Amino acid sequence: MYVPLPARRAEAPHYAYPGHLRPQIAALPRAPGVYVFHGDDESVPLYIGKSVNIRQRVLDHLRTPEEARLLRQTRRIDAVRTAGDLGAQLLEAQQIKLRQPLHNRLLRRRRQLCSIRLLRGRPEVVHSHEVPFASAAGLHGLFSSRAVALQALRAIADDNRLCYGLVGLERLAPGRPCFRAALDRCAGACCGREPLAGHALRLAAALQALRVAPWPYAGAVGLVEEGTDMSQIHVVRDWHYLGSAARRAAARRLVAPVAGFDPDGYRILAEPLTSGRSRIIMF
Numbered sequence: 001m002y003v004p005l006p007a008r009r010a011e012a013p014h015y016a017y018p019g020h021l022r023p024q025i026a027a028l029p030r031a032p033g034v035y036v037f038h039g040d041d042e043s044v045p046l047y048i049g050k051s052v053n054i055r056q057r058v059l060d061h062l063r064t065p066e067e068a069r070l071l072r073q074t075r076r077i078d079a080v081r082t083a084g085d086l087g088a089q090l091l092e093a094q095q096i097k098l099r100q101p102l103h104n105r106l107l108r109r110r111r112q113l114c115s116i117r118l119l120r121g122r123p124e125v126v127h128s129h130e131v132p133f134a135s136a137a138g139l140h141g142l143f144s145s146r147a148v149a150l151q152a153l154r155a156i157a158d159d160n161r162l163c164y165g166l167v168g169l170e171r172l173a174p175g176r177p178c179f180r181a182a183l184d185r186c187a188g189a190c191c192g193r194e195p196l197a198g199h200a201l202r203l204a205a206a207l208q209a210l211r212v213a214p215w216p217y218a219g220a221v222g223l224v225e226e227g228t229d230m231s232q233i234h235v236v237r238d239w240h241y242l243g244s245a246a247r248r249a250a251a252r253r254l255v256a257p258v259a260g261f262d263p264d265g266y267r268i269l270a271e272p273l274t275s276g277r278s279r280i281i282m283f
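Using the UniProt record's numbering, the letters of the sequence shown correspond one by one to residues 1 to 283.
Keep in mind the hints are simulated off the structure, nothing from the lab. Remember, it's a predicted structure, so these values are computed and weren't measured experimentally. Ideal placement from N, C-alpha and C gives every residue a C-beta, glycine not left out. There's no promise every hint is true.
Said to hold, decoys possible - Below, simulated EDC-like cross-link-like pairs (lysine to aspartate or glutamate); rule was C-alpha separation at most 20 Å, straight line:
id : residue 1 : residue 2
1  : 97        : 41
2  : 97        : 85
3  : 97        : 78
4  : 97        : 42
What the hints assert, rightly or not - Derived DEER-like restraints, expressed as beta-carbon distance ranges:
id : residue 1 : residue 2 : range
5  : 147       : 78        : 37 to 45 Å
6  : 270       : 204       : 15 to 23 Å
7  : 64        : 98        : 24 to 32 Å
8  : 98        : 23        : 26 to 34 Å
9  : 63        : 148       : 25 to 33 Å
10 : 185       : 145       : 21 to 29 Å
11 : 100       : 171       : 42 to 50 Å
Work out the full structure: start from the sequences and follow the hints.
Structure, rendered in structure tokens:
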């Protein structure tokens, strides 16, 4: 009697590396760093990535049809070693902004940023072309537009029962509570149920989670990263990454003026530079 076999699960498709890339992949280091996929046009990279294990990460690019398609367009793979993950993150972000690869989107250069600042207890949205974000105190959050900043402020008000009128999201009629107070979604600072000082303190406490730290040094510093077989001094200033060197004298030569605010540099550097756990060199 014939008994049908159970249906087999659909297997994940298998993608093979193009033959011309196999020797290049075999030569990639199993170490931290940044890798670059080059296509027919050498002037613009296809993709720039980073990993604590460059070779393994490049091999992982066969997981999806889209990544396999990217590899079919690739003619050459370059790699640059770093001492560790921090150096890889800094170099990747720098190179993506400088070289504008075709398939990187998240770290493209941002022309405009907004933040929230308290002015006499009231929040206001400020722009990076008006305020020096790298050094200004009292900033909360980094947003791509005014609309996104106001959306974040609205979420904070909702989560903390703050008054839309007092945080600048709605107009308040003189002598009348806001609409949300009647629904008990506002604690009532607009109608005397909550002291205005208490509302201001709760707003400041809620914004503290989004605090943007100002640059904590007078100028450029070197952040030392020790790897298993190499060490680097990452030169940074006002949250900008200026480059890396193996020795202090070479690192000092990388010091240069910077302009504007680099949100990617801030995201990468804020914790290691303010935690007190990193070795810092003053220039």
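**OP:** Run the structure past the numbered hints and jot down the numbers of the failing ones, going up.
**Re:** When the structure is compared with the hints, none of them turns out to be violated.
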